[in-house]
Amino acid sequence: MTALITFDRVGKRFGNAVVLDDLSFGVRAGERVTLIGPSGSGKTTILRMLMTLTRPDDGTITLAGEPLFHERRGDTLVPAGERHLRAMRRHTTMVFQQYNLFPNMRVLRNVTEAPVHVLGLPPEQAEERARELLGMVGLAGKLDAYPSQLSGGQQQRVAIARALAMRPDVLLLDEVTSALDPELAAEVLDVLRDVARTFDVTMLCVTHAMKFARDVSDRVLMFNEGRIIESAPPGELFDAPTQERTKRFLRSVIDES
Amino acid sequence: MTFEWQAAWEAVPSLLRGLVTALQAAALGYLIALVLGLVFALLRRSPQRWIRLPVAFFVEFVRSTPLLVQLFFLFFVLPTVGIELSAMATGAIGLGVHYATYTSEVYRAGIDGVPAGQWEAAKALSLSRGRTWTRVVLPQAVPRVVPALGNYAIALFKDTPQLTVITVAEVLSVVKAVGAQSFRYLELITVAGVLYLITALVIAWPVRVLERRYRRESA
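Protein chains in written order, with this note's numbering: chain D, 1 to 257; chain Z, 1001 to 1219.
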C-alpha cells in the first residue's frame, strides 16, 4: 500500500521552540488518522503544513506522489513557487476551530463560491451539490442565512459542507469542536461520523473528543514535544497504551470530560 | 462695526457659486482619494519589494508635507514640464492625491482588521489571490472603514479654501474678490462660515446613514 501523504524527517521551529522534531510518518489513501497529544506538541502544525499555511524548516512532505513544498527543476528539487503550491492545495481542504465562514456571504454562497470559481463547476450544478451537502449536515433550511445568524455548531456544519464541496482527497479537521459547547459539539461530531461513513476522503483530525476518535479513526497518533511517541489503532491505543506519557495524557483528557 | 444684513444677503449668490465650485473640486478630489487610496493600500502589501517600497515612500512623503505646498508644486511646476491642467483639475488632483495617502491608511487598517482565519479559509478552498481580495477581504474590510472614509470627505471639503492660492474660484476666493471692493468682510466671512457649516452637516448626514447600515450588516 503506497502512502498518499508522507512526512520525511520534517522539522519546524518557531524561534527557539522546536515544534516538529525530525518527524516521519505516512498516511494511506482513505485512512482516517487522529492526532492527539498535549497542546504545543505539533499536531496543528502538521495540518497547517498540509494546507500550505506553514512551511517546514527541514525535510520533505509528499502528497499524492509529489513533493508539497518543492518542485522538480531538471534533476534537482527547489523550493516550490506559488503556482506549485496552488496546484497542490487543490488536493486538500481544512475545517478550522473558529469555522472561518465568510461572514459577507450567505450560507449557500459560502458553499458554492469555491466550486464555481476554483473547480469551474456551472453555478446550477454547484448549487445543487451545495444543497445536497447542506441537507446532509442538517441545514437545508438555512441556505439564505448569514453566518452571524447561526449558532457555532451550525456554522461549523456549514464549514464542513463547504470543505466537502471541494471534493478534496484529504480533509483536515483542526480541533473543530473545541470552540463549541458540549451539546453543539455533539451535533458536529455526529455530522462528521456521517461524513466518515459516506465519503472515502482521507481524514486527518486533531481533536480532544476521544470517543469520536475511537469511532472514526483507523489509527491514532500520540504526539509529544514534536514527535510521535505512539501509533496504533484506536482500540489498542486507548485501551492499552504502551507509553507512560500516553497514559498520563489520556487520564487527563478523561478527567476533563 | 455693525452687521449689515443687506450686505450679507447680497453676497449669498456669488458665495453660492463659489460653494458649487468648491463642491466640484471636493467631489472630484474625494473620488480620486477613494480609488487611489485603495490602490496605494494594495500596492503597499505587494510581495514585490520594488513596488512596495517606492509606494510606501511616496505615501509617507505626501502625507508629511503640506497640502498647500503640494498645490503650489502642481500648479507652478507641472506646466514647466509640459503638463497643462485647469486650476480646477489641478486642485482636484492635489486634494485627491493628498487625501489618498490618508485613505490608504484607513483601507490598510480595514484590511488588517480582517481576521487571519479568513485568509486561511480562502487558501483552504484554493481561492485565487484576486478572488480572495475581491470577494472575501475587501467586502469585509471596506464596510468597517466607511465611517472613517466619510470623515475624510468632510475634512477634504474643509481644505478646499486652500485652492484659492491656485486661482480656483471657490468660496474663499469669492470672499477675497468681493471684499476687496465692498470691505464688508464681517458679513462675507460670516455667510461663508454658515455655508461651510451647512455643507459639512449635509455631507455628514449620508456618512451617518452609511455608518448605521454597515454596522448592522457586519454585526
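Note that these hints are calculated values from the structure, not bench results. Fair warning: there could be bad hints in the mix.
Unchecked claim - Straight-line C-alpha distance at most 20 angstroms; calculated EDC-like pairs for lysine to aspartate or glutamate:
hint, chain 1, residue 1, chain 2, residue 2
1, Z, Lys1176, Z, Asp1159
2, D, Lys211, D, Asp181
3, D, Lys211, D, Glu225
4, D, Lys247, D, Glu230
5, Z, Lys1176, Z, Glu1010
6, Z, Lys1123, D, Glu82
7, Z, Lys1123, D, Asp181
8, D, Lys211, D, Asp194
9, Z, Lys1123, D, Glu175
As the list claims (entries may be wrong) - Output of the computed footprint for chain D on chain Z, the stretches with three or more beta carbons under 8 angstroms from beta carbons of chain D:
hint, stretch
10, 1114-1120
11, 1127-1134
Claimed, not checked - Far from chain Z by the CB rule (all over 10 angstroms, computed), these chain D residues:
hint, residue
12, Gly26
13, Arg90
14, Met105
15, Glu113
16, Ala163
17, Leu172
18, Asp181
19, Glu187
20, Asp239
Every value quoted in this text rests on a predicted model; they were computed, and no experiment measured them. Yeah, the Cβ is synthetic: ideal placement off N, Cα and C, and Gly gets one too.
Okay, the hints, checked on the actual structure:
{"no.": "1", "hint": "Z:Lys1176 with Z:Asp1159", "verdict": "holds, 17 angstroms"}
{"no.": "2", "hint": "D:Lys211 with D:Asp181", "verdict": "holds, 16 angstroms"}
{"no.": "3", "hint": "D:Lys211 with D:Glu225", "verdict": "violated, 24 angstroms"}
{"no.": "4", "hint": "D:Lys247 with D:Glu230", "verdict": "holds, 11 angstroms"}
{"no.": "5", "hint": "Z:Lys1176 with Z:Glu1010", "verdict": "holds, 15 angstroms"}
{"no.": "6", "hint": "Z:Lys1123 with D:Glu82", "verdict": "holds, 12 angstroms"}
{"no.": "7", "hint": "Z:Lys1123 with D:Asp181", "verdict": "violated, 27 angstroms"}
{"no.": "8", "hint": "D:Lys211 with D:Asp194", "verdict": "holds, 15 angstroms"}
{"no.": "9", "hint": "Z:Lys1123 with D:Glu175", "verdict": "holds, 18 angstroms"}
{"no.": "10", "hint": "1114-1120", "verdict": "holds (count 4)"}
{"no.": "11", "hint": "1127-1134", "verdict": "holds (count 3)"}
{"no.": "12", "hint": "Gly26", "verdict": "holds, 22 angstroms"}
{"no.": "13", "hint": "Arg90", "verdict": "violated, 5 angstroms"}
{"no.": "14", "hint": "Met105", "verdict": "violated, 8 angstroms"}
{"no.": "15", "hint": "Glu113", "verdict": "violated, 7 angstroms"}
{"no.": "16", "hint": "Ala163", "verdict": "violated, 7 angstroms"}
{"no.": "17", "hint": "Leu172", "verdict": "violated, 8 angstroms"}
{"no.": "18", "hint": "Asp181", "verdict": "holds, 20 angstroms"}
{"no.": "19", "hint": "Glu187", "verdict": "holds, 21 angstroms"}
{"no.": "20", "hint": "Asp239", "verdict": "holds, 34 angstroms"}
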